[in-house]
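Student: Counting from 12, one number per residue, gives the positions in the sequence shown under the numbering used here.
It cannot be assumed that every hint is accurate.
[Claimed, not checked] Below, simulated BS3-like cross-link-like pairs (lysine-lysine); rule was C-alpha separation at most 30 angstroms, straight line: (1) K88 x K343; (2) K217 x K343; (3) K131 x K174; (4) K203 x K74; (5) K93 x K366; (6) K224 x K366; (7) K224 x K348; (8) K167 x K217; (9) K224 x K93; (10) K333 x K93; (11) K174 x K366; (12) K131 x K333; (13) K88 x K74; (14) K343 x K224; (15) K203 x K366; (16) K224 x K114; (17) K203 x K343; (18) K333 x K224; (19) K174 x K348; (20) K93 x K343; (21) K203 x K174; (22) K88 x K333; (23) K167 x K203; (24) K224 x K203; (25) K348 x K366; (26) K366 x K74.
I should point out that these hints are in silico values taken from the structure, not numbers from a laboratory.
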Amino acid sequence: MKKLLALLLAALMLLACASALAEVDPELVEAAQDEGELVVYGSCEEPYLIAACQKFEELYGIKVDYQRLSTGEVQTKITEEKGNPSADVWFGGTNDPYNEAAKEGLLMAYEPANAVHLLKPAYRDPDGYWFGIYQGILGFMVNQEELDRLGVEAPKTWDDLLKPEYQGLIWLSNPNTAGTAKLVINTMVQMKGHDEGIQYLVDLDKNIAQYTKSGSGPSKNVGTGECIIGIGFLHDGVYQILQGYDNIGLIIPEDGTSYEIGSTAIFEGCEHPNAAKLWIEFALSPDCVELADDAGSYQFLVIDDAQQPEALQAFPELDPSKTIDYDFADAKENTSKYVSDYFDALGAAADDRFKTE
Numbered sequence: 012m013k014k015l016l017a018l019l020l021a022a023l024m025l026l027a028c029a030s031a032l033a034e035v036d037p038e039l040v041e042a043a044q045d046e047g048e049l050v051v052y053g054s055c056e057e058p059y060l061i062a063a064c065q066k067f068e069e070l071y072g073i074k075v076d077y078q079r080l081s082t083g084e085v086q087t088k089i090t091e092e093k094g095n096p097s098a099d100v101w102f103g104g105t106n107d108p109y110n111e112a113a114k115e116g117l118l119m120a121y122e123p124a125n126a127v128h129l130l131k132p133a134y135r136d137p138d139g140y141w142f143g144i145y146q147g148i149l150g151f152m153v154n155q156e157e158l159d160r161l162g163v164e165a166p167k168t169w170d171d172l173l174k175p176e177y178q179g180l181i182w183l184s185n186p187n188t189a190g191t192a193k194l195v196i197n198t199m200v201q202m203k204g205h206d207e208g209i210q211y212l213v214d215l216d217k218n219i220a221q222y223t224k225s226g227s228g229p230s231k232n233v234g235t236g237e238c239i240i241g242i243g244f245l246h247d248g249v250y251q252i253l254q255g256y257d258n259i260g261l262i263i264p265e266d267g268t269s270y271e272i273g274s275t276a277i278f279e280g281c282e283h284p285n286a287a288k289l290w291i292e293f294a295l296s297p298d299c300v301e302l303a304d305d306a307g308s309y310q311f312l313v314i315d316d317a318q319q320p321e322a323l324q325a326f327p328e329l330d331p332s333k334t335i336d337y338d339f340a341d342a343k344e345n346t347s348k349y350v351s352d353y354f355d356a357l358g359a360a361a362d363d364r365f366k367t368e
């Protein structure tokens, strides 16, 4: 009986793999398997990256090497390697750095068959340089116990963060290394105008205790109380709450906020272009994006044939419709300028609070 069950299980696994293989061009699968290898830079959280790479290997028999780097680190690395990238594809992380990389000619255009499942035109680059795999809402995560101890109310708006009672309580990420911080800069410029937006960020700096290397850095320290108010993506706060930190409150700013499109893309000049194209097809399939739920990544999925993470059902306040109409074209054109303007305006205040490790 045990032997029969084992044979049945093996048959079912083969059928599942065959079904996944049948959804993409068999010639592409064969060409990718002939290359036999794929190198992935991942800017999502590492458990999701590992799960995705292992699933790709399982489905297609292609060896996958991967490295987890923040979006800013990937952008810097492929800029230095222009024309000869040390990886084939980029997976996860907010998409402003993807847009900057596309503008610099560092990404390869491709039109995947599975792109038809994307829910909105905004979830892809119109020229095929990147494709969305999830959406995350920008907001605040607060340690409610610490705020109560200090006798301070939780912030409700971006402007609230400038209040003197929050001095030394706020963490943000470093725009030199984290796409999340670049999104914050773009969001303030789009919501307030260039000059007022940059001035807002300079004023906010007076209340910032630390700028972390990674965009998820603030969220990872809110539950412990080391960070009392963290600016970042609220799904990172969901993860911390589900790890047992029920002292964390999640806040969508009442004066508006933006969102990330976690993306995937192929590097121009990569060594394994067919395996890279197959990865993009895979990344836009339920086989890949539904792994996020079990891997502790609770973003909203952006394809029409995948199930949303069950964990999000406990957080109905996280409504992705409560976001501004983010101008991706402006971000693509001007992110580098806005970041430079920000640091120029900060001047000597750009000190050792900006972490790179």
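Student: Decide, hint by hint, whether the structure agrees.
Tutor: Structure-based check of all given hints:
no., hint, result
1, K88 x K343, "19 angstroms, holds"
2, K217 x K343, "28 angstroms, holds"
3, K131 x K174, "38 angstroms, violated"
4, K203 x K74, "47 angstroms, violated"
5, K93 x K366, "26 angstroms, holds"
6, K224 x K366, "5 angstroms, holds"
7, K224 x K348, "20 angstroms, holds"
8, K167 x K217, "19 angstroms, holds"
9, K224 x K93, "23 angstroms, holds"
10, K333 x K93, "38 angstroms, violated"
11, K174 x K366, "24 angstroms, holds"
12, K131 x K333, "16 angstroms, holds"
13, K88 x K74, "22 angstroms, holds"
14, K343 x K224, "22 angstroms, holds"
15, K203 x K366, "27 angstroms, holds"
16, K224 x K114, "24 angstroms, holds"
17, K203 x K343, "18 angstroms, holds"
18, K333 x K224, "27 angstroms, holds"
19, K174 x K348, "28 angstroms, holds"
20, K93 x K343, "18 angstroms, holds"
21, K203 x K174, "18 angstroms, holds"
22, K88 x K333, "34 angstroms, violated"
23, K167 x K203, "17 angstroms, holds"
24, K224 x K203, "26 angstroms, holds"
25, K348 x K366, "21 angstroms, holds"
26, K366 x K74, "34 angstroms, violated"
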